[in-house]
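Novice: Spelled out, the chains give:
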Amino acid sequence: MSNSPLAQLAGTDGVDREQWVQMYQQMAKIRAFEDQANQLYLSAKMPGLTHMYTGQEAVAVGVCEALRRDDYITSTHRGHGHCLAKGAEFKPMFAELLGKEAGYCRGKGGSMHIADQESGNLGANAIVGGSAGIATGAAMSAKMRGTDQVAVCFFGEGALGQGLFYEVMNMAQLWKLPVIYVCENNMYNEYTHYSETTAGELTARADAFGIVTREVDGQDARVVYLTMMELVERARKGEGPAFLLCNTYRYHGHHVGDINRTYYRSKEEEQEWKTNRDPIKNLGLWLIDQGIADQGLLDGITAQVEGEVKGAVEFALDAPYPAEEEVDLHVFAD
Amino acid sequence: MSSPTKAPVREISFAQAVNEALAEEMRRDELVFIIGEDVAEAGTPFKVLAGLSDEFGTDRVIDSPISEAGITGMCVGAAMTGMRPVVDIMFGDFLTLTMDQMVNQAAKIHYMSGGKLNVPMVMRTTLGATRRSAAQHSQSLHAWMSHIPGLKVIVPSTPYDAKGLLKSAIRDNNPVVFFEDKLSFPLKGPVPEGEYTIPLGVADVKREGTDITLAATSSMVDVALAAADKLAEIGISAEVVDPRTTIPLDRDAFIESAKKTSRAIVIDEGYEQYGTTAEIASVIADGAFYYLDAPVKRMGAMNVPIPFSPSLEDLTVPNAERVFEMAKVLCNRV
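Top line first, the protein sequences correspond to chains A and B. Counting from 86, one number per residue, gives the positions in the first sequence under this note's numbering. Counting from 630, one number per residue, gives the positions in the second sequence under this note's numbering.
It should be emphasised that the hints constitute simulated quantities derived from the structure, not laboratory data. Just so you know, not all the hints are guaranteed correct.
Derived DSSO-like pairs (lysine-lysine); straight-line CA-CA distance at most 30 Å [to be verified]: (1) K817/B with K859/B; (2) K676/B with K261/A; (3) K745/B with K395/A; (4) K261/A with K745/B; (5) K130/A with K745/B.
Start from the sequences and build out the full structure, keeping to the hints where you can.
Specialist: Have a look at this one:
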């Protein structure tokens, strides 16, 4: 590890050592949350289904650690990691997954629609690419209101098949809006490899508008974070939008029920990513190598978040469902 | 609702009334802005917005690319983060391009977020045929929008209503779609000087009568009034009831009128099949059943793509003569 180019990062880039540990902890939280969500599904305690973020943690954490709490994000159907990375808490997250009143959306949104205004999360979106307009509009709003907030639009590579992206990227660059399009290329549009659906290069789409683009290893939270810091800074200064392509991998299927996947990807490929490219394991090894943390500290973090998750699941399982009177509340705002 | 004065009032056109409502609300609230194709210096092809960019500048009256989905989505995001956008969709036919943003995003965000997020935006668009504009520039698609829980829908028929309702729409904390009849733009009517608003969901009896109810929307209100004049000549007293908003719908106004007259025709320029006429007719049939002396009749646009040729196009829209004939049949006067 010490021979990797990134080994020089620590201590020479102005990033506090605590920041790297914080990022490890945030990723561990997402991993623990998703493992429990999967268990809830497998044990038939969760209505519907859900899309696991496991494997992609470095993207959400690297991006959101570069943001302020009052910055905005929009998320996707695979959104738990984004929510947690932006500051959501376990209890209302699990309660929402179970359709309970204590959930972030009073149980009315579910796994694919978690929104948390307090942490700047404008909502996960179950229409692929559906939040591109919302994120760009939030950036326009920030500019019009004269704040220096930025907006981040998370989306998968499959969303680049949607025309809306090209409409809003055009306007974002035209009007120099503080929006960062974070494309998580986990390589599969549901059950189809992206090479079968995508002509040309992914970043070329943003290049066409003159938008600044960066492509990074989405399994390395450090490069995601450092690249985002640069892009956020220029967005805050009014220098306009950016497109960040993060190459990553989802460990589970498209959703929790997508178990038999060999017709679209091999077990060897999955094993390779899990063994050699795991974002949490690799950051941990680097932290130890750099003397920033020892194994005991990392084990302590894991134990702590797993304990918190366990408590939150118990809370959510015990929490009441919404009352029947809730069904037609919130159709319209007052 | 603040009432206009009883003194004689000036007359302005429908287009001027819309323009005044926007100007007054933009003066009152700096968060209100307009975005759309050719809205600034051009003031739209219909010149409805003439002069607004002079007063408010092109930062608040924003010319956009021809990207209906993009600007609609951005207005959703801007509305969620503190602004009060008014998006201009030049022709109602182009609503098709905005449907995901309106139906899956704007309409549902308040509910999906458990009441946390609001989308206070207005979409202004047009309806109405017989301008010889053919199948893609002539439709009246307000029933589509009225079908979706979470959207409010306004179909004003007079300059007075247009101004008061648009001001209420801009102040409303929900997504509101405001349909303007293209042929009404030059038509003048009394509009008092000074501030007034009209609440959404309150019908207006445009003409009182005792023998038959003509429930009419938007462009069809003048058709109904003309038919009522002709009916008066043969001794039939027609009452013209204008819902002014299809969502919320003032159901009681129609039921009470039909109870009084015992007959009703519903007239609307949207396609007749599954349309606004069906909804209002069912309200009357259900709510006034024991008072009715005849079946409730519906007169919508013919269920055909709107043809270009004037000789064909005129057949597709209800007119005063056909309403008159239908009313005579219901009143046993044939």
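Novice: Taking the hints in turn, state whether each one holds.
Specialist: Hint-by-hint comparison with the structure:
1. Between the alpha carbons of K817/B and K859/B the distance comes to roughly 22 Å, so the proposed pair stays at or under 30 Å and holds.
2. Under the criterion of a C-alpha separation no larger than 30 Å, the hint pairing K676/B with K261/A is consistent with the structure, at around 29 Å.
3. Straight-line distance between C-alpha atoms of K745/B and K395/A comes to about 27 Å, which keeps the hinted pair within the 30 Å bound.
4. Using a Cα cut-off of 30 Å, the hinted pair K261/A and K745/B holds, with the two alpha carbons roughly 29 Å apart.
5. With a C-alpha separation of about 26 Å, the suggested pairing of K130/A with K745/B holds against the 30 Å cut-off.
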